[in-house]
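Asker: Using the sequences and the hints, build the whole thing.
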Amino acid sequence: MTYEYNLDELKIRKDDQSENSKDDIIGARSNMITKTREINHRCTFSELEKMDLSTSSTKSRYLLSIQTELSTFPKLTFYNLSNTGQSEIAKEFKTWWRFFPKLKLLDLSYNFISTLDLDPSAVTWSSFKLKLDLRYNNITELTQSDLELLGSLPNVNVDIRNNPIHCECSDHMIEVLEIIHDNTKWEALGLQPYDYLKNMTCNLPDILKGRKLSKITKSDLSCPLFSATSPAPIIVLSVCIVILIVIIILLTKFRKEIFILTYTRFHIILPCQPAEVSENKTYDAFVSYSSKDEEWVSKTFKELETSSQSDGYHQFRFCLHHRDFIPGKTIFDNVIDSVESSRHTVIILSKHFLQSHYCMYEFHEAFQQSIIERKRHMVVVLMENIPEGELPTDLKRCLKTFTYIRRDDSIFKDRLIFAMSHKARKEAKSINKNTVTDGLDNPVFSSSEKDVTLRLQTSRPRHDDSVITLSQIVPDLVVGYNESKCNGYTIA
Numbered sequence: 001m002t003y004e005y006n007l008d009e010l011k012i013r014k015d016d017q018s019e020n021s022k023d024d025i026i027g028a029r030s031n032m033i034t035k036t037r038e039i040n041h042r043c044t045f046s047e048l049e050k051m052d053l054s055t056s057s058t059k060s061r062y063l064l065s066i067q068t069e070l071s072t073f074p075k076l077t078f079y080n081l082s083n084t085g086q087s088e089i090a091k092e093f094k095t096w097w098r099f100f101p102k103l104k105l106l107d108l109s110y111n112f113i114s115t116l117d118l119d120p121s122a123v124t125w126s127s128f129k130l131k132l133d134l135r136y137n138n139i140t141e142l143t144q145s146d147l148e149l150l151g152s153l154p155n156v157n158v159d160i161r162n163n164p165i166h167c168e169c170s171d172h173m174i175e176v177l178e179i180i181h182d183n184t185k186w187e188a189l190g191l192q193p194y195d196y197l198k199n200m201t202c203n204l205p206d207i208l209k210g211r212k213l214s215k216i217t218k219s220d221l222s223c224p225l226f227s228a229t230s231p232a233p234i235i236v237l238s239v240c241i242v243i244l245i246v247i248i249i250l251l252t253k254f255r256k257e258i259f260i261l262t263y264t265r266f267h268i269i270l271p272c273q274p275a276e277v278s279e280n281k282t283y284d285a286f287v288s289y290s291s292k293d294e295e296w297v298s299k300t301f302k303e304l305e306t307s308s309q310s311d312g313y314h315q316f317r318f319c320l321h322h323r324d325f326i327p328g329k330t331i332f333d334n335v336i337d338s339v340e341s342s343r344h345t346v347i348i349l350s351k352h353f354l355q356s357h358y359c360m361y362e363f364h365e366a367f368q369q370s371i372i373e374r375k376r377h378m379v380v381v382l383m384e385n386i387p388e389g390e391l392p393t394d395l396k397r398c399l400k401t402f403t404y405i406r407r408d409d410s411i412f413k414d415r416l417i418f419a420m421s422h423k424a425r426k427e428a429k430s431i432n433k434n435t436v437t438d439g440l441d442n443p444v445f446s447s448s449e450k451d452v453t454l455r456l457q458t459s460r461p462r463h464d465d466s467v468i469t470l471s472q473i474v475p476d477l478v479v480g481y482n483e484s485k486c487n488g489y490t491i492a
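Going by full-length UniProt numbering, the residue at position 250 of the sequence shown is 250; the numbering climbs one at a time, nothing skipped.
Simulated crosslink set (DMTMM-like; lysine to aspartate or glutamate; CA at most 20 angstroms straight-line): (1) K129 to D159; (2) K75 to E92; (3) K75 to E47; (4) K212 to E141; (5) K131 to D117; (6) K198 to E187; (7) K292 to D324; (8) K94 to D159; (9) K198 to D133; (10) K102 to E47; (11) K302 to D408; (12) K215 to E178; (13) K413 to E295; (14) K104 to D159; (15) K209 to E141; (16) K215 to D171; (17) K198 to E148; (18) K351 to D293; (19) K212 to D182; (20) K215 to D195; (21) K131 to D159; (22) K185 to D171; (23) K50 to E69; (24) K129 to E49; (25) K75 to D52; (26) K292 to D408; (27) K102 to D52; (28) K131 to E49.
Label-pair ranges, simulated between beta-carbon atoms: (29) L237 to C169: 16 to 26 angstroms; (30) R98 to R161: 25 to 35 angstroms; (31) E88 to S214: 28 to 38 angstroms; (32) T262 to C169: 38 to 48 angstroms; (33) L237 to N385: 38 to 48 angstroms.
None of these hints come from the bench; they were simulated from the model.
Ideal Cβ placement from N, Cα and C applies to all residues, glycine included.
Answerer: What follows is the structure, given as structure tokens:
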């Protein structure tokens, strides 16, 4: 054994001003240790085979670093540091082949080491074999990474028996138990030398104390639905809140469409829908249209009459000019009678409709009927886009007051069926006698509205004493009227 020292490197300067200072004394000690480690020396323990430094907790933490600094132990096979207060595996032992090429057994038992902190690069030095004794330490948790590391180092055998394993619910413990119970995974990881792990026992919790790992399943861990550190509750709660907000927005934005579709598709009247007063009328609707739109009207409303009963609705009955007007009566009497005997008047609004004086007369009769009945009597079907400037004042006000149905609406048929269907309940809500509602308990207009000059009365006035006179609706030369829908009828 040869020692070479340069004592000049151990010189420590002492400041006279800090002679009685405790901090300076501590600083001087640290400086001395640093100087000691920087000594230019070379130690070769050529014949040393065993080194036992156990049962001593007074070893300097720099001891191993100093021992291996520019020193070699070419024949050392056994190194015992058990019961020496070690709290971690020193970095010199992680790469033991550099300093202890013949080391076979490293005893670090009865210490306070809590983690399996090994160097994965040891696998590249397969010619160096080592048994690492870590029994009776403070290893409380095993992870899947630990098992994978142990299996990847065939030249290192680690003994961790008699450590206080905590078998509490955690992701790491669940993963370890899955590997222990799956022999295929166990063998694939190369853990055959570590079969003793299956017989290790739990130290905590008390309910599992003394039970072998191989006898414990995930259900024994009494895991809560979500762990305290799991992001799952936050994710689930966030998703639920987002879904709830989306549902509220959709219900708010499309509440009317929901009312319509639940009734037309499922025949359900939602509790929040208003009650309707029961009526006995001959027709469900009088259809007011221009003769130029007759083909579309005839096809559409005949289909509704045919399909309504088969679809489970009340069978609709519509009053159409060419089919249901009574010959011999004047057109005006036919219009008045048809409007009065119908629960609704459907206005087929098009440019052709606006050009017909008789269509406009039918519109005013329907509008007056809405005033008398104090409910949504009129249903407007908009056939095409019409500039606002082309609309008469009354019709413009009507479109702003009532919700109309566009022919190109994706649920046009559902909207029309819903508007005309009789959805009466057992009780009819009382309505303010001065207020007309739109069928959803929303005020439409009051009887005191200044622009409405039509008289409210339960008995329908004939055309001769109506507020709207023929001279206001029909040109002076009535005989010039040539619309096909009037053929065969008497004009007063």
